[in-house]
Structures are given as structure tokens and as C-alpha cells.
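So the protein sequences, as listed, match chains A and B.
Under this note's numbering, the first sequence is numbered contiguously, ending at residue 516.
Under this note's numbering, the second sequence is numbered contiguously, ending at residue 375.
Honestly, I wouldn't trust all of these hints.
[To be verified] The following residues of chain B were derived to be distant from chain A, with all beta-carbon distances above 12 Å:
hint: 1; residue: G178
hint: 2; residue: P274
hint: 3; residue: G328
[As the list claims (entries may be wrong)] A partial selection of chain B residues facing chain A, derived with a Cβ cut-off under 7 Å:
hint: 4; residue: Y88
hint: 5; residue: Q90
hint: 6; residue: E122
hint: 7; residue: M135
hint: 8; residue: S208
hint: 9; residue: A213
hint: 10; residue: G246
Source of the hints: derived by calculation from the structure; they are not laboratory data.
Here the structure is a predicted model, which means the values were calculated and not measured.
Here a beta-carbon is modelled for each residue, glycine too, at the ideal position from N, C-alpha and C.
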Amino acid sequence: MATAFKVIPKEYRDSVSLMQLSALLAKLPGIDQASALMATGNNLALLTEAGFEVSAADASPADLLIAVRGEEAAVASAIDEAMKNLTRHADSGQQGSVAPKPRSMQMALAEVGAADIALISTPGEYAAAEALKALNLGLSVMLFSDNVSEPDELRLKRAADEKDLIVMGPDCGTAIINGLPLGFANVVRRGPIGVVGASGTGMQEVTVLIDRLGSGVSQAIGTGGRDLHSAIGGISMSKGLRDLAADPITRVIVLISKPPAADVAERILDAARRVGKPVVVNFLGADPRKISGGSVHGARTLEDAARAAVDIARGELPRQSYGNVPPSLVGLPPLGAGQRYIRGLYTGGTFCYEAALLLDERLADVYTNTPVYAEGQLQDVGRSHHHTLIDLGDDVFTRGRPHPMIDFRLRNERIVKEAEDAETAVILLDVVLGYGSNTDPAGELIPALQRAREIAAEQRRNLAFVGHVCGTEGDPQGLDLQISALSQAGMVLTQSNAQAVRLAASMVAGRAPGRD
Amino acid sequence: MANSAYTDVTPVKAVRQEVSKAARRGFAGIGEQGTAPGSAATVVAWNDANRDPASTMYLASRATRVSALSIGARAPCRFTHGRVHSVYRQACNLEADDGVLLTLLADELGNVPHGIRCALPEPADFRAWLHPAQMVAADGLSLKLPEAAIEIDLSAATRWQCEWGRYAIDVRAEATVGSLRTIRAILRDQPPAGGFAPLLLQHMGPRSPLDRAMRGRLTQALPALRRADSDLDSVAAGRALSLLAGLGPGLTPSGDDFIIGYLTALHSRRAHEPMLSEYLNGLMSPIMKFAHAANVVSRQYLLGALEGEVSEALVRVVARVAGADELGVQESAAHLVRAGHSSGADSLSGLLFGLCPAFLLEASAEARRSIRALP
């Protein structure tokens with residue numbers, strides 16, 4: 001092991017930048033540890049205690065100290081990378097002063113010309129005001145920001161409706177408008193199916209599966225998770241539905257949401273029956289048979305919604321269900337007698353929600369931090385018990401750190417922790433590709449899978465990793481590359497989240513109590 | 001506050017006297033509110049002999065005007081000329097030619113003792129407007145940054161100061177114990193990704209040798225500080241605090257933030273525990289020593305905390321604990337934890353420790369036991 005360090009005099013970076021720089025350097029090949037700290041006396045001593053050989057007697061507490069430890073060949077290039085990173089950020093700051101960016105929406109609009117949508121991502125307390133400005137300029141809004149109050153959301157959506165505009169959000173992370181992915185979204189081919197969704201990862205799964213099934217997406221319009229609450233009344237979903245009904249390219253419409261308020265569901269379904277186009281509806285947790293009727297087809301899972309929409313677009317009749325038969329268990333690792341439970345570690349909230357619904361149909365004692373049912377609420381999100389499904393995108397985990405679709409550290413730590421539990425049989429995972437997500441999810445995940453497997457092997461156990469990759473060949477990460485790397489690492493991959501959950505359930509069937 | 005007062009270890013009382021004298025004289029730079037005459041629209045010639053006053057006049061007259069909402073009581077009154085020191089999204093540090101620091105803050109960040117809270121126009125991000133090394137000049141009416149074409153109008157700003165007399169915490173009161181439990185729960189359940197709080201309270205082992213070394217320091221320093229606090233032994237407390245000063249991640253290292261929280265707790269306890277005043281006086285010398293060994297940003301906060309002048313966000317937690325406002329404690333502590341990367345959580349940890357060390361140490365021991373007990 002070698003140590004390299006660099007003292008940068010009077011460098012004042014904010015704490016988040018220092019943390020990000022440390023994390024970036026720690027992930028470089030051959031680097032064991034990295035740290036970016038202010039060069040105080042105690043921090044110099046701390047580095048020595050932690051095994052760094054740093055002798056920076058001339059450094060002052062106003063200086064930034066970057067220290068890396070690792071393979072001889074890697075440490076010098078890591079320091080170079082750190083310097084490049086710091087310079088890059090300084091340069092980008094300078095560019096701002098040479099060619100000022102637009103300082104208002106009016107300026108941006110004057111510069112761009114024909115824009116008709118504003119993407120707003122500011123702290124929640126300002127987002128409503130910004131959205132209102134955009135609406136007053138005649139722009140529809142994608143409101144990425146969260147922490148916008150429900151009354152503000154209602155005010156904005158009513159204002160938009162009066163102007164025949166739409167507010168996608170707040171907390172709308174995914175949309176595909178005229179073929180352009182916005183936020184966390186995948187590269188899908190354009191085609192005859194329009195999607196309106198109150199769930200980000202739900203829309204990603206449906207649009208990705210539509211693409212993989214050979215069809216395409218006209219528009220994917222997000223509404224924000226609260227749109228179908230009684231207080232909001234589904235204003236954005238209704239507007240999206242009307243827009244897709246009027247869109248000549250769209251032949252089939254898909255609506256996705258967690259269970260809406262009953263009065264809102266009734267209103268939306270009523271509107272769906274009158275749009276004059278076939279509509280596939282996946283209200284997760286609702287009975288699809290009660291939804292189906294006329295031109296509306298109810299789907300139980302996200303996968304079923306995508307398959308039904310593609311069938312309808314091809315002029316075929318949709319099936320009531322596409323995937324209740326568990327896939328084959330042949331070739332899966334044998335599990336020990338004490339290994340009884342599934343541990344689902346999700347980065348996508350809707351995947352976790354869907355998994356909880358599907359597992360709860362099949363197994364007893366399913367616990368989760370996603371709000372599916374009160375009796376299954378996990379009391380301590382830090383500890384799994386029985387079958388546990390964790391949405392790692394929950395606020396509890398994301399405060400002060402990037403979303404787990406970007407930063408894999410938290411999930412990787414949890415994978416290792418679950419592997420240490422002798423009762424863990426299957427670790428259930430989602431891997432989300434596309435814009436906004438990590439550039440190499442497989443590369444991030446595989447070391448944790450290997451470590452988990454080693455831990456299990458030391459205790460003469462096998463572990464099964466089951467999951468699916470939500471992505472397309474067009475995504476920046478490359479679907480084939482990701483699937484191939486994960487498969488080689490021993491992960492069992494299915495076509496969809498629903499299939500992965502069913503497979504996991506069938507693997508532990510008979511080992512733990514089932515549903516009567 | 002005059003910077004020269006801090007060039008050596010000067011008793012705080014003397015510093016106060018100097019400020020009072022300066023206030024009576026009137027200020028060359030930023031004025032105390034009410035002392036600045038004239039209209040805010042006045043354009044004052046640039047104070048730098050090397051610059052062309054005419055061009056400065058032109059820049060100043062077309063500058064974007066930003067309203068200052070409030071000015072902290074420790075904002076440096078002699079600030080007349082300096083440069084932008086560092087710029088972040090919600091804050092910008094200005095360093096006077098004599099080395100004293102003045103911080104501009106976005107409205108939502110709340111006040112700090114040495115800061116000016118501004119209603120920043122769109123985009124509400126200092127980085128979009130300012131860059132390090134840009135010049136800044138001040139008169140009693142405004143701060144001017146001609147290279148950024150910004151002028152901060154001070155004329156309508158109110159004065160902000162911690163009012164400790166109103167927030168006395170009785171650590172033995174039943175309501176206080178409930179509040180401390182709430183604070184501990186927030187630190188445990190909503191910790192930032194770095195700093196002291198996750199190491200002390202989370203049921204998860206340290207992630208790296210650096211974290212392990214940091215936890216080792218805490219294990220050494222905090223029990224010693226608890227004993228010193230209980231014995232009112234400021235010499236031993238100084239020794240324990242020296243293990244924390246400048247320790248850990250962040251521009252203001254976690255240890256400095258923890259000390260700021262700890263000092264805040266001592267100030268808030270003084271009304272019910274008069275013996276603490278002597279203990280606090282005994283801590284002045286070591287804390288000033290730490291402050292002078294720290295970077296200029298940490299220094300400013302440490303010196304402020306020594307006199308009981310801390311950020312509004314921290315004062316708000318103290319006020320809610322003192323007022324036995326359970327919901328208020330929850331809201332203000334959660335707000336503080338979200339401040340900075342780990343600074344808010346570290347200062348809250350220091351506050352919790354200073355109010356009742358057992359709440360932090362016993363929870364920390366419980367967290368450590370649970371890590372050992374992992375299968």
C-alpha cells in the first residue's frame with residue numbers, strides 16, 4: 001500500500017463538494033481509501049491513525065488536504081484526478097462569469113425562442129413561485145422539486161388548467177416528451193402508446209417494456225405522486241388523458257398510479273371510458289377486474305400493463321393476466337434449511353410497492369417501509385425481519401446523499417448486512433438504467449454481490465440474487481453490457497420486476513409460512 | 001466586531017468594551033442599524049485609489065440591487081474594503097483587507113452573528129452572481145461588488161442578535177428531558193452521510209479506517225469531557241476539547257461544529273446553574289487557542305459561540321427546548337440537521353451533549369453494542 005497526498009493552499013470548498021470528491025476518489029481502481037479534509041492538526045493526526053502516511057507539516061488549517069491510499073501505480077493518478085476535478089469545477093464557475101447564464105425564465109425564453117415547457121428543480125419552498133412564473137409565461141411545467149405543499153400544488157394545477165397547460169409534479173422525476181427523456185428516464189423508441197403516470201419508476205418500467213416488446217412511446221407524462229389524492233382530484237392525469245386523446249400519434253393510452261382516492265379513481269375511469277381510445281389502467285393494488293369495462297382494460301402489474309398496451313396497439317385482444325406461472329427454478333443455487341426469507345433492496349419506490357403487493361399475496365410476514373398496508377410497516381428500517389422489502393429511495397435514506405439509483409454505497413452495505421443473516425435466502429434487487437441513473441450500475445453492484453457470496457460461503461450457505469434490469473439498448477449504460485456483467489456475477493435476471501418477485505417467492509415457498 | 005481584538009488571547013470582556021467604543025464612535029463601514037443616514041439610492045465612489053471612479057460609478061449605477069434583510073450583531077463594523085473569499089449556493093464569505101470575515105446569507109438560511117441575510121433575486125444562488133477574488137467595498141449604506149454588478153442595500157435591514165436571557169434551559173425539568181429525547185431521535189434517524197452523528201448514534205459500523213479513527217477520538221474525548229463538565233474542571237475540558245477541535249470532514253470540521261453546539265448548551269444552562277459562568281470563563285483561553293489555529297470560517301463561528309452568539313437555526317432549537325415546545329423542538333432540530341452537509345447535525349450533537357452528556361454517550365454505547373451483536 002502506498003499513500004499520496006496533496007495540499008492545496010487556501011482552498012475553500014463546501015462540505016458537500018469535499019464529500020463528493022472523497023467518494024469519487026475512493027471508487028477509482030486500485031484506491032483503498034481517499035479523503036479530502038481541511039488540513040487541521042487533528043485531521044492530520046486522524047489520517048495517520050487511519051494508516052495514511054502523510055507528512056504535511058507546512059499545511060495550515062485553511063488548506064485543503066487530499067490524501068489517497070492504495071496501489072503504488074494508482075495513488076498518483078488519483079491525485080491527478082482530484083486536481084482535475086477541482087480545476088474543472090473552478091473553470092465552470094469562471095465560465096459563468098464570462099458568458100452569464102440566463103438569470104430568469106424570461107431571459108431563457110428569449111434565448112431559446114420556441115420552448116413550451118419549463119423544467120423546475122429548486123428547493124421546494126421556491127418551486128411553486130417559479131412554476132407560477134412559468135405558467136404565466138405560457139409554459140407547461142415539469143416540477144422535479146419535492147416539498148411543495150398540497151395547497152400550492154392545487155393552486156398551480158388549477159392555474160395551469162385554466163390556461164390549457166399541464167403541471168407535471170411536484171416530485172415528478174420521469175417524463176418523455178416528444179421523444180426527449182426528462183429526469184430519470186430511458187431511451188425508448190417512439191410509437192403509438194402514450195403513458196400518463198403518477199409514479200416515476202412505474203413509468204420507466206412500462207415504457208422500457210413497451211420498447212423491449214417492439215412497440216414505442218408517443219409521450220410519457222408524469223403527474224406527481226399526489227395528483228390522484230382527493231385534494232388534487234387528478235387534474236394533471238385528466239389533462240394528460242385529454243392531451244393523449246387529441247394526439248394523432250397516440251393509439252393506446254396507459255394510466256399508472258398507486259391506488260387513487262376512490263372518488264378520483266371513479267372520475268378518471270369515467271373520463272378514460274369517454275376518450276375514444278383504448279386505455280390500459282394499472283392502479284397498483286386495485287382489483288383489475290373492477291376497473292375493466294368498455295374501452296378500459298385493468299392490469300394487475302406494470303408488466304401486464306405494458307404487454308396489454310402492446311397487444312392492443314397491434315390489434316390483438318389483451319389477456320387478463322400475462323405472468324402468473326412462476327419461472328423455472330432449474331439451475332438455481334440450493335439453499336440451506338434455515339434460509340427462509342426474501343430481502344428486497346429497491347432503488348425504485350414503485351418497484352418496492354409492487355413487490356410488496358405481489359409477495360403479500362403469496363407469503364405471510366412481509367414487512368416494508370413503503371406505505372402498502374399498516375400491519376406490514378417495518379418499525380426499524382435498519383433491521384430486516386422475516387420477508388423485508390426496503391425502498392432505499394425513501395427520504396430517511398436520501399437525506400444528505402444522492403438517490404440510491406446514483407449512489408450505490410448504501411444498498412451495497414445493506415446487501416452485505418443481509419448476507420450475514422443466516423435466514424436470508426433470496427436478495428431481490430432492481431437495477432435501473434437510463435438518464436439520471438448511475439453510469440455503471442453493474443460495476444457498482446458486483447463487488448457487493450461477491451462480498452455477500454463470500455460471507456455466505458464462509459458459513460457454508462448459498463445466496464440467490466434475483467432481480468431485473470429496467471433499461472433499454474438505447475440507454476447510455478447499454479442493456480446488454482449490464483445484463484451480461486450481472487449474469488456472470490451470478491445474478492438471476494428476469495424480464496420484469498413482477499417476474500423477479502414471483503421467482504423469489506417460488507424459491508422460498510415451503511420454507512416460510514405462506515398465505516392461506 | 002473588530003478583528004484586531006482577536007490577534008492575541010484577549011478576554012471577551014475587553015472585546016465587548018472595544019465594540020461598544022466603536023459603536024459610540026460611529027462606523028467607517030457597515031453601520032449599526034439606525035446610524036446610517038441618507039438615501040439607499042446614493043451611489044458612493046469606489047474606495048480603491050487604483051480604480052477609475054467614473055467607471056465604478058457607472059457600474060454601481062447599473063448594478064442589481066439586493067436588499068439586506070438583517071445584519072448580525074457580530075458583523076464586522078470596520079469592513080470597508082475586501083474581496084470575495086468563498087462562494088456557495090446559499091452563502092458567500094467576504095474577507096476584509098484586515099482578514100475579518102463577513103458572510104452573506106440567503107434568506108432561507110436564517111441569520112448568523114457575523115452575517116448579512118439577503119433577499120437574493122433570481123437565480124437565488126450566490127454562485128450565479130459572485131466569484132472568489134471579486135472586490136467588495138462598503139460604506140454605511142451598502143456593500144458594492146462592481147465586478148459582479150451587485151449592490152447590497154443595507155438601509156432597511158434590521159439588527160439580529162441572540163437573546164440568551166430569554167432562553168434559559170433547566171436540564172432537570174421533565175419537559176427538557178422529553179425534548180432531548182426528541183433531539184436524539186432526530187440525530188439517530190435523520191443523520192447526514194458524514195460527521196459525528198452517524199458514528200455516535202447509528203447502528204452501523206464505521207465504514208472506513210478514517211471513520212474508525214474518528215470514532216476512536218470521540219470515545220477518548222467525550223467521556224473525558226463529560227467528567228470535566230460534571231466537575232466544572234475547565235482545564236480538563238480544554239484538554240478533552242483539544243481532541244475534537246478541527247477534527248473531521250467539512251469546511252468547518254465536525255469537531256468545531258460540535259464545540260459550537262456544546263458552548264451553546266453551556267450558555268443556555270447558565271441561568272439555572274450560575275456555577276457554569278466560571279467554567280465558561282475557564283474555557284475561553286483554550287477555545288480562543290483553537291479558534292486561532294482554525295481556518296477563518298471556523299474561527300468566526302467558534303469566537304461567536306464563546307460569547308453565546310450562534311446561528312439563528314441553533315438558537316431556535318434552544319428556544320424551543322427552553323419553552324418546552326415539543327413540536328417546535330422537533331421542527332427546529334430537523335431543520336438544523338438539514339443545514340450544511342454535516343454542520344447542523346454536528347452542532348446539534350454538541351448541544352445535546354452539553355445539555356445532558358448521557359443522552360449522547362449512552363445511545364452511542366448502545367449503538368456500539370448493537371454493532372458487535374450483529375450476526
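Hint by hint, here is what the structure shows:
1. G178: holds (21 Å)
2. P274: The claim stands: P274 (chain B) keeps its Cβ more than 12 Å from every Cβ of chain A (closest is about 33 Å).
3. G328: holds (19 Å)
4. Y88: holds (4 Å)
5. Q90: Because about 9 Å separates Q90 (chain B) from the closest Cβ in chain A, which is outside the 7 Å limit, the hint is violated.
6. E122: Hint on E122 (chain B): holds, closest Cβ of chain A at ~5 Å, below 7 Å.
7. M135: violated (13 Å)
8. S208: Holds, because the Cβ-Cβ distance from S208 (chain B) to chain A comes to roughly 6 Å (cut-off 7 Å).
9. A213: holds (4 Å)
10. G246: For G246 (chain B), the interface hint holds, since the closest Cβ of chain A sits about 3 Å away, which is under 7 Å.
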